[in-house]
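Novice: Line by line, the protein sequences give chains A and B. Just so you know, we're using the numbering used here here: the first sequence kicks off at 9 and counts up by one. Just so you know, we're using the numbering used here here: the second sequence kicks off at 320 and counts up by one.
Hints were generated in silico from the structure; no laboratory data involved. Each statement offered as a hint is correct.
If you anchor each label on the Cβ, the simulated ranges turn out as follows:
id	chain 1	residue 1	chain 2	residue 2	range
1	B	E383	A	K78	35 to 41 Å
2	B	P398	A	T94	35 to 41 Å
3	A	L123	B	N374	46 to 52 Å
4	B	S322	A	E77	32 to 38 Å
Here are the simulated lysine to any residue pairs, SDA-like style, with alpha carbons at most 20 Å apart:
id	chain 1	residue 1	chain 2	residue 2
5	A	K111	B	I370
6	B	K426	A	G66
7	B	K396	B	T343
8	B	K341	A	Q49
Virtual Cβ for every residue (Gly too), placed ideally from N, Cα, C.
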Amino acid sequence: DGGITQSPKYLFRKEGQNVTLSCEQNLNHDAMYWYRQDPGQGLRLIYYSQIVNDFQKGDIAEGYSVSREKKESFPLTVTSAQKNPTAFYLCASRYRDTATNEKLFFGSGTQLSVL
Amino acid sequence: AQSVAQPEDQVNVAEGNPLTVKCTYSVSGNPYLFWYVQYPNRGLQFLLKYITGDNLVKGSYGFEAEFNKSQTSFHLKKPSALVSDSALYFCAVLNPGGGADGLTFGKGTHLIIQP
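With the hints as constraints, model all of the structure from the sequences given.
Specialist: In structure tokens:
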């Protein structure tokens with residue numbers, strides 16, 4: 009999946025627990041993204057980061073937090089404030105070398121379920 | 320705000336027949352348009368994109384898409400479907416001049432190729 013590694017593949021969360029999803033890339037891309045996928049709703053943007061030590065909220069950031077301490081890593085924490093966390097989470101990084109040549113590369117995803 | 324519509328939740332095609340997966344978009348300015356494919360429990364794989372130039376774009380696995388500015392459409396096509404084409408297909412749009420970062424995805428279309 010294009011040099012992006014997500015782990016774990018499956019994750020279970022107990023009530024009131026925070027869990028962290030890992031995303032690592034070796035593509036040397038500056039921009040990274042977290043999407044949430046629910047059946048019949050497509051992908052929705054949670055957070056994105058265009059550069060180390062900087063990140064921005066996406067469309068559904070409530071109940072989530074991120075950090076970007078290294079270029080290669082963009083972990084996502086699903087906090088206890090996220091009341092409906094069950095979903096498939098996808099991490100992506102963005103390749104852009106010119107104004108007209110860019111695309112996203114995706115990891116293989118993490119399925120999060122609530123116990 | 321930019322948006323993408325995929326009007327069909329599911330498309331059924333017999334193997335060997337041509338297939339079309341529909342996509343329309345709404346964005347101010349000139350859009351960047353993408354098609355991605357997702358196999359079960361996997362991340363998204365890039366198929367093709369339209370940035371500028373020829374309205375007919377050729378991509379991976381024999382797929383192509385036609386950009387139609389007047390109809391604001393970017394339908395995905397393939398002349399002869401294979402059973403292995405069965406997957407979930409996402410259309411996405413990026414407004415390079417817009418304020419929001421990241422791609423906006425449609426809800427996805429399940430393509431089912433029947434032997």
